[in-house]
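Chains as they are written, first to last, in my numbering: chain A, 1203 to 1442; chain B, 1203 to 1442.
No lab work stands behind these hints, which were simulated from the structure alone. No experiment lies behind these values; they were computed from the predicted model shown. Heads up, some of the hints might be wrong.
Taking beta-carbon pairs under 7 Å as the criterion, some of the chain A residues facing chain B (in silico) [stated by the list, open to error]:
1) THR1343
2) ASP1344
3) ILE1355
4) TYR1365
5) LYS1398
6) LYS1406
7) HIS1408
8) VAL1414
9) TYR1423
Glycine is no exception: its CB is placed at the ideal position from the N, C-alpha and C atoms.
Number of protein chains: 2
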Amino acid sequence: MIFAGVLAGGIGSRMGNYTIPKQFLLINDRPIIAHVIDKFIVHNYIDYVITGVNPDWYRYMLDIKEKYYKGVDKLVIVPGGSDRNSTINSIVEQTKKMSGSPDDILVTHDAVRPFITLKMISENIDAAIKYGVCDTVIPATDTIVYSENKEYITDIPLRSNTYQGQTPQSFKVKLFEEVYSSMTDDELKIVTDACKMFMLKGHKVHLVEGNVSNIKITYPYDYKIAQIMMENLQDDMFTV
Amino acid sequence: MIFAGVLAGGIGSRMGNYTIPKQFLLINDRPIIAHVIDKFIVHNYIDYVITGVNPDWYRYMLDIKEKYYKGVDKLVIVPGGSDRNSTINSIVEQTKKMSGSPDDILVTHDAVRPFITLKMISENIDAAIKYGVCDTVIPATDTIVYSENKEYITDIPLRSNTYQGQTPQSFKVKLFEEVYSSMTDDELKIVTDACKMFMLKGHKVHLVEGNVSNIKITYPYDYKIAQIMMENLQDDMFTV
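With the rest of the complex left out, here is chain A (with noise of 0.2 Å):
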């Protein structure tokens, strides 16, 4: 089977003074976080969009289930971790108890990341299937610069080896399970990043073409792009 994994474990410390995470914040009277999975919901390759939240809001979660999905078989909502890769087993053990196919994909992508495409998705799952683990990237725009002391530069590295990484970030299950419990709670604790951490166990982590329009709402300043953009979906510029 082909899951979607939904990350909404986050609660947006950086969104200012919203007194709800970001992913649930309304664009066009719709939660984010639901302009996500609809994307998943209507991809036909997708079996089941399982959605990982914060423990906290997961009732909040159900009632946006109820309200948005109601009848929606294709929804399941789970309870995450206390971290990134945490949610993401979490959704992993869903996944054990509706398939356990040794074939399974998991297309992992972040609740505040709406303007995801279908061709990323169909990407994604080619990608999986064929090299095991893929991460979602653009090219990066600016030059990336390296601080170990936040006072100077010490590394400028070469700008055309330089990505920004998005999601998704997809995988075959099983890989996920084998390398999610080959690290010590201290390699856990530093690597937050599901693709570091396939990496880090010897993985070759494909690379899949990602869009400047597939942007991460993180700062007020992100969510007033996002309306606009969201507004402007006619426009040729955001539909690419």
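Assemble the complex: chain A is given as a structure, and chain B must be docked to it using the hints.
The following block gives chain B in isolation, referenced to the frame of chain A:
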């Protein structure tokens, strides 16, 4: 003296169907480059704004000066070089004609980042005086990923040490001359970023805090966003 150097050497190959370089596209009936120049003209500490333009567009830029800055002595136009650093060098040569003091400071800025703030300019001047060279950056919001082969990930650096470089990049003119003249032709071909050049030659490039709204207009998508942002400039979200 304190100089601003507006870098307009580019011809905008990523802007799709537009027939003029992106810095000359209009926002609110005013070229993007003029929005940039305005900020430096009004800043009290800046003595002169030297704009380095691609030689093919030098006359076009003179027309902009005539149309929007008639009688503004603070604005100087010079033909730029074949790449970013040689355009900076053309501007540096101009500063030497106008001052040549060992204390001269140059604040360089992309002609396509119209949302620079007066605060960023002030902080750049302070840091360049204090440390010799500085770069304006924001903490990377996306996870940064490397691929040396464009197929799969070869490294994912620690996110907390990773920044997106913006501009201004500011420095003592004297220091730039030392560093630039010590670069070999091969080095100059590879190193397109001024701060990387300083870093390679052993200088500590200090960090100055940028802003997410200080975007670079690279793609048609950015141009659209920039137009909307400019219309909303009264809004707190865009003027922080």
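Verification of the supplied hints:
Annotation: A/THR1343 was flagged as interfacial toward chain B, and the flag holds, the nearest CB pair being 6 Å apart, inside 7 Å. The interface hint given for A/ASP1344 is met, as the beta carbon of that residue sits about 4 Å from the closest beta carbon of chain B, less than 7 Å. Taken as an interface hint, A/ILE1355 checks out: its beta carbon lies about 4 Å from the nearest beta carbon of chain B, inside 7 Å. For A/TYR1365, the suggested interface contact is upheld, since its CB lies about 5 Å from the closest CB of chain B, less than 7 Å.
Among the interface hints, the one on A/LYS1398 holds; its C-beta lies about 4 Å from the nearest C-beta in chain B, closer than the 7 Å criterion. At a threshold of 7 Å, the smallest CB-CB gap from A/LYS1406 to chain B is about 4 Å, leaving the interface hint in force. The restraint placing A/HIS1408 at the interface with chain B holds, with a minimum CB-CB distance near 5 Å, inside the 7 Å limit. Because the beta carbon of A/VAL1414 sits about 5 Å from the nearest beta carbon in chain B, less than 7 Å, this interface hint is met.
For A/TYR1423, the suggested interface contact is upheld, since its CB lies about 5 Å from the closest CB of chain B, less than 7 Å.
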